[in-house]
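Residue numbers (the numbering used here), protein chains in the order written: chain G, 1 to 380; chain W, 1 to 380; chain F, 1 to 380; chain D, 1 to 380.
Don't take every hint at face value.
As the list claims (entries may be wrong) - Here chain F is said to cover these stretches of chain D; the calculated rule only asks that three of the stretch's residues, wherever they fall, bring their Cβ under 8 Å from a Cβ of chain F: (1) 124–136; (2) 229–240; (3) 261–268; (4) 295–306.
To be verified - Quick partial rundown of chain D residues pointing at chain F, CB under 10 Å, derived from the structure: (5) Leu9; (6) Thr14; (7) Leu207; (8) Gly211; (9) Pro282; (10) Lys317; (11) Pro346; (12) Arg370.
In short, the hints are calculated from the structure, not lab data.
All residues carry an ideal CB built from backbone N, CA and C; glycine is no exception.
Number of protein chains: 4
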Amino acid sequence: MAGNSFGQLFRITTAGESHGPGNVVIIDGVPPGLPLTVEDFLPDLARRRPGQSRIVTQRNESDEPEILSGVFEGQTTGTSLAILIRNQDQRSRDYGDIRDKYRPGHADFSFDAKYGLRDYRGGGRSSARETTVRVAAGVVAKKVIETAFGGSVVGYVCQIGEIRATIDDPAAVTLDRVETLPNGEPNIVRCPDIAAAGRMVALIDELRKEGDSIGGAAEVVASNIPAGLGEPVFDKLKADLAKALFTLPAVLGVEYGIGFGCATMRGSENNDVFVPADGSEPNRSGAPAIATESNRHGGMLGGISTGQPIVLRAAVKPTSSLPIEQRTVTRHGDPTTIRTKGRHDPCLLPRFVPIAEAMVAIVLADHWLRWQAQCGGFPE
Amino acid sequence: MAGNSFGQLFRITTAGESHGPGNVVIIDGVPPGLPLTVEDFLPDLARRRPGQSRIVTQRNESDEPEILSGVFEGQTTGTSLAILIRNQDQRSRDYGDIRDKYRPGHADFSFDAKYGLRDYRGGGRSSARETTVRVAAGVVAKKVIETAFGGSVVGYVCQIGEIRATIDDPAAVTLDRVETLPNGEPNIVRCPDIAAAGRMVALIDELRKEGDSIGGAAEVVASNIPAGLGEPVFDKLKADLAKALFTLPAVLGVEYGIGFGCATMRGSENNDVFVPADGSEPNRSGAPAIATESNRHGGMLGGISTGQPIVLRAAVKPTSSLPIEQRTVTRHGDPTTIRTKGRHDPCLLPRFVPIAEAMVAIVLADHWLRWQAQCGGFPE
Amino acid sequence: MAGNSFGQLFRITTAGESHGPGNVVIIDGVPPGLPLTVEDFLPDLARRRPGQSRIVTQRNESDEPEILSGVFEGQTTGTSLAILIRNQDQRSRDYGDIRDKYRPGHADFSFDAKYGLRDYRGGGRSSARETTVRVAAGVVAKKVIETAFGGSVVGYVCQIGEIRATIDDPAAVTLDRVETLPNGEPNIVRCPDIAAAGRMVALIDELRKEGDSIGGAAEVVASNIPAGLGEPVFDKLKADLAKALFTLPAVLGVEYGIGFGCATMRGSENNDVFVPADGSEPNRSGAPAIATESNRHGGMLGGISTGQPIVLRAAVKPTSSLPIEQRTVTRHGDPTTIRTKGRHDPCLLPRFVPIAEAMVAIVLADHWLRWQAQCGGFPE
Amino acid sequence: MAGNSFGQLFRITTAGESHGPGNVVIIDGVPPGLPLTVEDFLPDLARRRPGQSRIVTQRNESDEPEILSGVFEGQTTGTSLAILIRNQDQRSRDYGDIRDKYRPGHADFSFDAKYGLRDYRGGGRSSARETTVRVAAGVVAKKVIETAFGGSVVGYVCQIGEIRATIDDPAAVTLDRVETLPNGEPNIVRCPDIAAAGRMVALIDELRKEGDSIGGAAEVVASNIPAGLGEPVFDKLKADLAKALFTLPAVLGVEYGIGFGCATMRGSENNDVFVPADGSEPNRSGAPAIATESNRHGGMLGGISTGQPIVLRAAVKPTSSLPIEQRTVTRHGDPTTIRTKGRHDPCLLPRFVPIAEAMVAIVLADHWLRWQAQCGGFPE
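So that you can see chain G by itself, here it is in the shape it has in the complex:
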């Protein structure tokens, strides 16, 4: 229970550090019979990979996944599925500065305070390097929800600094629109509002040259999610989704639906009106097919999905590692200054998108299995 597992029935357990041999995830609870190959992991890993564009870190990691178990003849077997992604660059170098100094905004000090020691070569276990295997697990989770009910999860950047995207209908944003510009070039900032995307890229370019970084926000939308997922008290779907996003480095806020905007609303204007869902069949549990006219509730009421699109937003802080000088203290408590060498993202958001999608998909796969367990019904 030292916190290296996530999920109840679709459950991932990870290990690995930024400067060790690699990262591994064990996925427990994968339904048997799902087609799965190494190639399935490559697209999302490429979306997360360093060096994918000029506005992300230029580190070089190839991120080649190896399936260690759980797949036989191209199908999941139902037993634990392990995926190993080795780190490429482990050569020793001079860690002098970060070995003895606490980097501002990083976990260096809190690790020492917790464990009494830490891997001073980098972020160690708290590095975002660990998210590679979460993305791999997310690929399996996306397969589960797509196979089970045609569900999909798409994320995108909605804010960088003061630049905010305008998205009329979150549920209409496709993966293609997030990844590719109308002119066929890659949408390197992953913002589907093309005009905003251009300004975002320009801002990140500018900060990169200044040796500074910038924060932002991303939105994740889960579509075609059946009503009835989520538990009514502690494991509300909103609570598990929010936790999932807060497990990611640099996330300082999460909201869904109207989010913090609800604080200024009156009940009479906030409630979404229920209406019949035209042409739909009853819910599997016998409830009528109904919809809401608006979606301020972000697809969840009482912590349980309503069948409307689930819309979440996460605030991501600017990268803490900066090549410019910052004040700090040494691990002996003496004041000093630090410049963080190495190649860092001037903005975390473009690479954050596939990671956030993965965590949302994992929660949805987990809750679908949970629904199946308790409410999937007695044989007729």
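Based on these hints, arrange chains W, F and D on the given structure of chain G.
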């Protein structure tokens, strides 16, 4: 795993509904030897109780806790501690309207979609009535963290509608200041900015008369929390605290520290500078005693506490039940309208404060036990 | 995680002590829509109740269950189901002897060693009184497995001291045969071998008069369990069933199928031969319907059920509390002697049967939900 | 929750199959600061390795562990510790016979019944190959309990077929005596009764030549375990230890202390008498240092350790795979016969010993962390 438990080592499991015999919580993992009596539960239960002021619901519930187990001769025994709080008013009445209609903003429809049936007499298991026993569990958790390291948790209202409180130093807000006005009268809205508090009360009064409701936000501050609590990956302290708040009804957003404000920050202005902590002894794990000049990081870095005050904010939507007419559908899918009878809070925030405190305290007690388990050290 | 919960998806959490107000169980994961009333609990509670015959303890407890939550209009709702059974006799009395002395064979010393304190009025949390609510939870579990796949669980006494019952076909033993003699009188020792039963009763009567007690063994048989339940590695069905029985007081050994008899077997004589199952349909997962000619494997291979009857045996030690004098030490470490007053069972086995059945049913209900979650299949 | 994790605070999660790339374990909850290198794993892995003597399987696996994470500069970091052991021989071969036939005594049929498919190349996930990484995890657990309280775990073979070893004092058996004969040669059957050991080897040799196999039993003794470990209700130390042993392939029975022998005992002869422990200091929780004159209770009362040696026994069935012909059915349900090719152990016991030790050590490490969490005490 149908989600009625919360926490790992300090673990609560609840049962009960709004219109059943009562609510019960079993707390597992309470350290032995803590002094505890029924009287200890009364103050926080009174802060949560209906009917405590004119700006909350006028329902009548006395909320008398009975300790069923886990306490002997005024001390916790280390075995599971159960607390029962009976519901007072269970007389049957005419549920006609809500029996067949889905109340907008409530879990009525999602329950039917999930389970195929529901207790139509009210919120049932999704009612905020369930939070009574969470508050009781929070009292035990507060004892644990106070005894273990002198920690405390104080919450307050920081926003109602457009009215925002000004709080210079969140960590300086005392329980007394939250509960009592300078003139000795009760601070019924629980906002420590007295001027704002007055305007908040006036706004709630106005909405109550209109048959409407209003949203808001609350802040919870945990002080004197040692550095080193929280797990580095999935059970980050920020993730467990955020989940804790999102398990509460009506919460649509959670942030900590600078929160969503980080989206517009540059790294050079966002990072909090580490400085030596004057006159302090080294951390238990041997790390030096250090502080930060500012607290944009809200007391947590890498998901682990830094020793700075932990500052969280939650957005709470306006009460969904309204005496004014709203459109909706029946459980057969037919359009209709509904007026929710009964006595409801025109604003959830004043009663939300002790509940949010309880959830934060439960997470901190849990993580302290977790630290103790793994890092508490080998006997010397 | 102080061990007051059991099961993963069908999960029970208990609280309560022998000399407190009562015992309570919260059952999480109950499927919605099961018919359930207070009356359903009475038969099994009566089978466990003190005072049911002359060969069990003559204490007086009426064991009236109150359903606190989770049932509405006679059906389970899917939310957490809580059952409270109050203790009747809590009058204070003179605990002088057991207050300061460690009773041999009891948990008195180990409690002090663990917690540094204990409820000296009796067994406290380690009392078999706690098993009342397990029996109640077992009633719900039996409903689940009967509804889901027609499964049933029947236990009986197979050994008291040197008297061993002869049971030709464990799966043919019915509840009626366990409870009632051919002459219509109650089978107070719960042994379906009538001749052995008579001698068992005589032996227990003899020991009761001597102020002594006697051990024994019970067998539990689960019939009509589908092939495919159980997890292949740590949560093998045999492992979870064995743990379930070892959680019961006084159990010192558990075996299934041929059990310890396997130590003297050769592979060629031990393996059960697979044969086609006449007239049966394929297994739900598409495997053919097959049977084994013999059942030395006790219904489980590789930790997963095979469709053959599951047959378990537990060894139960003689009651430790004795009215005759025994040597021991005080809680200050000084040698002394003790006679345990009060009314104790001269043999635990007759009342052990319904408790063991309950634990087996709980494990089977849990594993059925687990199968349903992962392998219950994608909608077609 | 598909059962690939074991333990609560010291928690292992495994993945891997007999014919896949390898097996991996992630250990969560390892205390920081323990010295650990790859070499530490080699001795116990060698004790488990195929080909170690003529009486075990002659398969060739080198079992070289790679530490993927959790160790830095020769010390555990407190973060998740992953160990990978690759399978050596994965060449494809003709699986014709086992592909279509259910091997008697194996999990082949139950896997198909559960998942609807299986890896037909061998045991797959249910193969004992998976226990390599359990042994590796056991090495870490042994370090934890040795460092924390000087605890140790030693196992040995006590029965093969009808040959029973005579062990006067289980707690006096040393690892050296288990591994090495007085003449300095390896004790290949791992039975510390030398005379019995000779006859055991002769019997196994004989069965090997006949193409048959034989069952047996092993005893595991944990010494120097402090009083107070274990939870009073569901996570009794006896229950978790029994489950641990039942998770191992081929185990059909587990008992502790007097075990099934208790069935014929009277209370007056079974109870162990408490006596002062000469020259000892009080228990950490303040209980006096006391001992028992005998150890029929196997070191646990009320599911909590008493400070006496913990003594467990497991019955292990004869190897199911036999080169001689056995009747069975195909996966289409048709009767057939099968001879299992390949190199199999004629008796599982010699290699079972280190695996059983590992599981016992893992449970003890877990319960020590649990004690530390709840009862480790508030800072003074």
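If any of the earlier hints don't hold here, list their numbers in rising order. none
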